Amino acid sequence: EAGVAQSPRYKIIEKRQSVAFWCNPISGHATLYWYQQILGQGPKLLIQFQNNGVVDDSQLPKDRFSAERLKGVDSTLKIQPAKLEDSAVYLCASSLVGGTGIPEAFFGQGTRLTVV
Amino acid sequence: KQEVTQIPAALSVPEGENLVLNCSFTDSAIYNLQWFRQDPGKGLTSLLLIQSSQREQTSGRLNASLDKSSGRSTLYIAASQPGDSATYLCAVKRNYGQNFVFGPGTRLSVLP
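Those protein sequences? They're chains Y and G, same order as listed. For the first sequence, this note's numbering gives the first residue as 545, with consecutive numbering after it. For the second sequence, this note's numbering gives the first residue as 159, with consecutive numbering after it.
Any given hint could be a false lead.
[Claimed, not checked] In silico contact screen, one side only, chain Y against chain G (beta carbon under 7 Å); selected entries:
#1 P552
#2 Y554
#3 A574
#4 Y577
#5 Q585
#6 G586
#7 L589
#8 D600
#9 E648
#10 Q653
#11 G654
[What the hints assert, rightly or not] 20 Å max Cα-Cα, derived DMTMM-like pairs, lysine to aspartate or glutamate:
#12 Y/K615 x Y/D600
#13 G/K226 x Y/E648
#14 G/K226 x G/D185
#15 Y/K588 x Y/E558
#16 G/K159 x Y/D601
#17 Y/K588 x G/E214
#18 Y/K588 x G/D242
#19 G/K159 x Y/D600
#20 Y/K588 x G/D185
Hint data in this document are derived by calculation from the structure and do not stem from the laboratory. Predicted model, so just to flag it, every value in this text is computed and none were measured. Backbone N, C-alpha and C fix where the C-beta goes; we use that ideal spot for every residue, glycine too.
With the hints as extra help, turn the sequences into a complete structure.
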């Protein structure tokens, strides 16, 4: 079974530039999460999708961050414009919802963003 | 609002020791709790998931317990090895369709 795929693995940009991250969840997983992990801290949820609908985006800085999940599969997360404090690892995760499946979360390798 | 803490923040032990990592959460109304491992520069690897109706789960040298009423979970690692060196994170989910709330992690170093 293929895991959660993310790209790029690393990105360095200057402040005020824009950047986009891509995530392909495990096939059949209806729930997709984007987390932000600042160095030395646990991941913090940015947005949760159920199929292509948003379940929770209460902690997403909507003035600069946006995310979409077209057709309920792949997802992109965009930052525009980036700030220095956005330097972090951006993790995508997916989990199964429905039926008798236990909603265990599976994470991708993450994208390490450095804003200079 | 659910808050998750982990003690200790860092731990260094000699190879072969048994050790316990602690996770506490403020709201005992959880759906499940999941333990993850994170290697430097990598994503999270799921270790064990405990449903709210369960008391413990075991996988190899790992055993995780859950005491919902006291808001605690422990991850027991038997006969530690240098390859166990990583950051260990616990995360709780309140309801079936909701997201995970993470603790800050425990950074473990197992010395050869």
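The hints, checked one at a time:
1. At a threshold of 7 Å, the smallest CB-CB gap from Y/P552 to chain G is about 14 Å, leaving the interface hint violated.
2. Because the closest C-beta pair between Y/Y554 and chain G is about 9 Å apart, greater than 7 Å, the hint is violated.
3. Nearest Cβ of chain G to the Cβ of Y/A574: about 10 Å, over the 7 Å cut. The hint is violated.
4. Restraint check, Y/Y577 versus chain G: the minimum CB separation of about 6 Å is within 7 Å; hint holds.
5. Checking Y/Q585 against chain G by beta carbon gives a least distance of about 6 Å; that is within 7 Å, so the hint holds.
6. The beta carbon of Y/G586 comes within 3 Å of a beta carbon in chain G, closer than 7 Å, and the hint placing it at the interface holds.
7. With 7 Å as the threshold, the beta carbon of Y/L589 comes within range of chain G, its nearest partner Cβ sitting at about 5 Å, so the hint holds.
8. Annotation: Y/D600 was flagged as interfacial toward chain G, and the flag holds, the nearest CB pair being 6 Å apart, inside 7 Å.
9. Annotation: interface hint on Y/E648 holds; nearest CB of chain G at approximately 5 Å, less than 7 Å.
10. For Y/Q653, the interface hint holds, since its Cβ comes within 7 Å of a Cβ in chain G; the closest pair sits about 4 Å apart.
11. This hint holds: Y/G654 has a C-beta 5 Å from the nearest C-beta of chain G, less than the 7 Å allowed.
12. A threshold of 20 Å between alpha carbons decides the hint, and for Y/K615 with Y/D600 the separation of about 18 Å falls inside it, so the pair holds.
13. Distance restraint check for G/K226 and Y/E648: the Cα-Cα separation of roughly 19 Å lies within the 20 Å cut-off, and the hinted pair is therefore satisfied.
14. Between G/K226 and G/D185 the alpha-carbon distance is near 9 Å, which keeps this suggested pair within the 20 Å criterion.
15. As the CA atoms of Y/K588 and Y/E558 are separated by approximately 23 Å, the hinted pair breaks the 20 Å bound.
16. Annotation: proposed proximity of G/K159 to Y/D601 holds, straight-line Cα distance about 15 Å (limit 20 Å).
17. With a CA separation close to 26 Å, the supplied pair Y/K588 and G/E214 exceeds the 20 Å bound.
18. Note on Y/K588 and G/D242: the hinted pairing is violated, with a Cα-Cα distance of about 24 Å set against a maximum of 20 Å.
19. Distance hint between G/K159 and Y/D600 is fulfilled; the C-alpha atoms sit about 14 Å from each other, no more than 20 Å.
20. For the hint linking Y/K588 to G/D185, the alpha-carbon distance of about 17 Å falls within 20 Å, and the restraint holds.
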